[in-house]
Amino acid sequence: MVDDNAILRVIFNNMIKSFPDFPLEVNLFENALDALDYFENKKQQLDITPEIIFVDINMPFMTGWEMMDKLEHYGSDFLSQMNIFIISSSTSRSDQEQIAHYPFIDGYLLKPIDKIKLYELIRNLNPGI
Amino acid sequence: MEPHYHALNEQYSYPITLGVEGLLALDEEGHILSYNEQIKLLLPIEKIGNKKFQDALIFYRVEDQSIIPIEELSFYNTLQTGEKQIDHNYGLMTEEGDFKWLSFSSKLVPERSDMHMIIAISDVTKLINENKDLLEKKKQLQLLVASLDDLVFEVSKDGVFINYWTSNSDLLFYKPDEFLNKNLSDLFPLAISERTLELIDKALTFNKVCKMEFISNFDTHKGKWYKMKIMPIHLTKDRVAIVVSDISEKVESLEKIRFNQHKFNQAFHFSGLGISLTNLKGNCIEANKTLSKILGFSQEELSTINFLDYTHPDDLEFDYKQRQKLAKGEIDSFTLEKRYQHKLGHYIWCSVTISAVHNQFNELSFFIVQLQDISDAKKNREILERQKHELELVKIELETKVKQLEDFNQIVAHNLRGPVSNIHMLLSELKDESNIDIKNEYLDLLKTSNDSLTDTLEELSEILELRENKNILKDNCNFSLIYKKIYSQFIGEIQSKNAILTTDFKVKNIHYPTKYLESIFNNLLSNALKFTDPNIAPQIHIRTYVEDNNTIFSIEDNGIGIDLPKFKSQLFMFRKVFHRGFDTKGIGLFITRYQVEALGGKIDIKSAPGQGTTFLVRFLTTTT
Chain W
1 MVDDNAILRV
11 IFNNMIKSFP
21 DFPLEVNLFE
31 NALDALDYFE
41 NKKQQLDITP
51 EIIFVDINMP
61 FMTGWEMMDK
71 LEHYGSDFLS
81 QMNIFIISSS
91 TSRSDQEQIA
101 HYPFIDGYLL
111 KPIDKIKLYE
121 LIRNLNPGI
Chain H
1 MEPHYHALNE
11 QYSYPITLGV
21 EGLLALDEEG
31 HILSYNEQIK
41 LLLPIEKIGN
51 KKFQDALIFY
61 RVEDQSIIPI
71 EELSFYNTLQ
81 TGEKQIDHNY
91 GLMTEEGDFK
101 WLSFSSKLVP
111 ERSDMHMIIA
121 ISDVTKLINE
131 NKDLLEKKKQ
141 LQLLVASLDD
151 LVFEVSKDGV
161 FINYWTSNSD
171 LLFYKPDEFL
181 NKNLSDLFPL
191 AISERTLELI
201 DKALTFNKVC
211 KMEFISNFDT
221 HKGKWYKMKI
231 MPIHLTKDRV
241 AIVVSDISEK
251 VESLEKIRFN
261 QHKFNQAFHF
271 SGLGISLTNL
281 KGNCIEANKT
291 LSKILGFSQE
301 ELSTINFLDY
311 THPDDLEFDY
321 KQRQKLAKGE
331 IDSFTLEKRY
341 QHKLGHYIWC
351 SVTISAVHNQ
361 FNELSFFIVQ
371 LQDISDAKKN
381 REILERQKHE
391 LELVKIELET
401 KVKQLEDFNQ
411 IVAHNLRGPV
421 SNIHMLLSEL
431 KDESNIDIKN
441 EYLDLLKTSN
451 DSLTDTLEEL
461 SEILELRENK
471 NILKDNCNFS
481 LIYKKIYSQF
491 IGEIQSKNAI
501 LTTDFKVKNI
511 HYPTKYLESI
521 FNNLLSNALK
531 FTDPNIAPQI
541 HIRTYVEDNN
551 TIFSIEDNGI
561 GIDLPKFKSQ
571 LFMFRKVFHR
581 GFDTKGIGLF
591 ITRYQVEALG
601 GKIDIKSAPG
611 QGTTFLVRFL
621 TTTT
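Each protein sequence line maps, in turn, to chains W and H.
Per the working numbering, residue 1 is the first one in the first sequence, and the count goes up by one each step.
Per the working numbering, residue 1 is the first one in the second sequence, and the count goes up by one each step.
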């Protein structure tokens with residue numbers, strides 16, 4: 001989960017930890033650069049554990065869109081392992097339309113995050129479990 | 001038998017009996033039997049000796065001086081056939097190399113037993129030579145006529161055509177047999193013939209050349225102009241020579257010149273533009289009425305003035321230079337806007353077009369100067385310029401306003417919505433949460449969110465205050481004094497970083513709200529001191545100067561710099577942070593921008609990573 005909002009990170013962390021169906025591990029990043037460092041490392045270690053990525057748009061140093069540009073270069077092998085969601089408080093049309101440029105993005109989650117909806121989203125990604 | 005001199009009787013001298021002929025008596029073969037006294041003057045008798053006469057001498061043709069073969073000689077023909085031959089002219093070469101021309105007549109004399117044939121010879125050299133001269137003259141005359149474009153007639157004093165000469169009979173109005181020996185009054189319209197007869201009379205009476213011009217009515221020469229010269233002939237009183245020349249081209253070109261002259265005159269005198277002809281030095285040669293009206297001088301006054309004396313001193317140089325170029329033929333014409341001094345002393349803005357007129361030797365004859373009073377247009381243009389300038393200011397202000405509104409949109413979207421959505425989520429989590437530790441944590445977070453929201457609202461109201469405070473009072477601010485004050489505020493940081501600050505205030509003072517200027521100083525210096533490169537001793541140069549009439553405040557550092565292509569659009573935005581590891585809220589530049597833009601100024605930045613940063617504040621200098 002990549003968001004510069006410290007409070008959201010705390011709440012999000014708690015939400016994921018209390019997911020009732022099965023245990024989930026959560027990595028929190030306050031900016032996109034740190035998150036990319038993590039993915040770079042994971043790639044070098046040939047770690048192919050699937051992940052769900054939640055990224056805020058409006059962050060310092062690097063925006064969520066810029067991070068998407070970087071991820072795009074990781075290639076389809078990497079992207080197919082990932083489910084990527086944008087989380088933002090922005091209701092602006094331009095942000096919504098921006099998603100169309102990144103076909104590998106799975107969805108858009110509006111803040112404030114609703115716990116029930118978040119759980120449903122995770123369950124739908126893992127129908128087998 | 002030796003031929004001998006024998007006084008031939010007159011009766012043998014037939015056919016010519018003037019007594020000047022030479023007479024030769026020949027036998028059947030052509031040997032000379034006898035000759036008279038005259039022959040000795042005509043023929044080299046001693047050269048002939050015993051030879052046959054036809055073999056003894058070489059005879060030449062009159063026409064081309066070629067040698068005549070014996071069988072073509074007339075007397076040989078008589079000898080051969082017995083036929084009588086009269087007056088055949090042959091030439092003999094004299095010892096001097098000239099030709100002597102002789103006429104030969106011959107016949108047989110059967111009534112005489114002592115001779116077979118008689119030849120009468122007479123000297124026709126004079127006649128032949130005269131004839132030759134005449135032929136030569138005739139040839140020359142023909143050549144002369146052929147070279148003439150004119151028609152030449154010989155006309156009797158009564159007007160009858162006697163003769164004509166022309167190189168081209170198409171030039172004639174009638175065919176030769178239609179006009180020769182006819183009176184011109186029967187051939188030409190009354191108007192022409194009457195006048196012609198008068199002039200013939202005059203030419204003969206006063207022995208002088210008379211001329212008239214007329215236009216042809218003949219279908220074959222319709223509309224052509226002719227000049228007729230009636231010339232007396234030397235020592236002749238009963239006829240004249242009439243030379244008729246086609247002058248259509250001349251008339252046409254004269255007409256063209258007259259038309260052009262007329263056109264120019266009309267254009268010159270009735271033009272809505274002021275026009276003058278001036279010499280190279282600027283002296284007026286001629287001027288039209290419109291020019292009088294524009295400059296206030298009468299025509300007489302204008303004709304004595306030099307226009308360069310009445311040109312605004314600031315406009316002289318360019319005008320003069322262009323005139324020189326024109327005179328040298330480097331340009332055909334030029335147009336400039338310049339000020340002429342009116343007779344009353346004030347200056348008038350004119351749009352002036354000057355062209356040069358050169359003579360056939362390509363030397364400058366005069367300038368044609370055309371000028372239009374554009375004072376009103378100039379005045380209107382100035383008003384428009386001023387209005388345009390005002391509009392531009394309004395536009396800048398509006399653009400700034402729009403930009404600021406967009407900023408607020410952003411602030412609402414990101415800086416207010418964030419904490420609000422946090423509070424929303426915390427409240428909803430608190431409701432469900434049973435773990436007391438987490439509940440307490442959430443309550444703490446609620447407080448933090450609330451504080452953050454309050455901070456943001458405070459900052460926003462600070463900015464709103466700036467926006468509302470448009471008519472804030474301006475003070476006379478001294479850059480040096482403000483610098484000293486700000487320097488003292490940062491003294492701790494400057495010393496701890498060993499920063500070197502230098503200043504150069506070319507502009508000493510500015511009318512600006514002191515509070516704003518201090519804040520701008522503070523924020524920019526704070527930035528320069530904050531984003532320093534730990535490996536380089538910080539150097540900060542602060543200066544003011546004038547550029548395009550605006551006061552520029554610049555602060556240049558040698559710090560870490562910033563990747564402008566990436567960040568520039570967000571640099572002056574609310575709560576934007578670009579550097580990791582610095583304690584910064586990202587609000588300073590946003591406030592600074594507002595403090596600059598609130599009074600119509602602009603803030604800009606030059607930077608690159610590792611290259612330092614220069615902030616440039618352009619304070620708007622109002623024209624008032």
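Fair warning: there could be bad hints in the mix.
Claimed, not checked - Only pairs whose alpha carbons sit at most 30 angstroms apart, straight line, appear in this in silico BS3-like list of lysine-lysine:
1) H:Lys-439 to W:Lys-115
2) W:Lys-117 to H:Lys-447
3) W:Lys-17 to H:Lys-338
4) W:Lys-17 to H:Lys-439
5) H:Lys-343 to H:Lys-281
6) W:Lys-43 to H:Lys-566
If you're looking for bench data, these hints aren't it; they were derived computationally from the structure.
Cross-check of the supplied hints:
1. Straight-line distance between C-alpha atoms of Lys-439 (chain H) and Lys-115 (chain W) comes to about 16 angstroms, which keeps the hinted pair within the 30 angstroms bound.
2. A C-alpha spacing of about 26 angstroms is found between Lys-117 (chain W) and Lys-447 (chain H), which places the hinted pair at or below 30 angstroms, so the restraint holds.
3. Distance restraint check for Lys-17 (chain W) and Lys-338 (chain H): the Cα-Cα separation of roughly 85 angstroms exceeds the 30 angstroms cut-off, and the hinted pair is therefore not satisfied.
4. This hinted pair checks out: Lys-17 (chain W) and Lys-439 (chain H) have alpha carbons roughly 15 angstroms apart, not beyond 30 angstroms.
5. Between Lys-343 (chain H) and Lys-281 (chain H) the CA atoms are separated by roughly 20 angstroms; this keeps the pair inside 30 angstroms, and the hint holds.
6. Distance restraint check for Lys-43 (chain W) and Lys-566 (chain H): the Cα-Cα separation of roughly 27 angstroms lies within the 30 angstroms cut-off, and the hinted pair is therefore satisfied.
Against the hints set out earlier in the document, a violation occurs for number 3 only.
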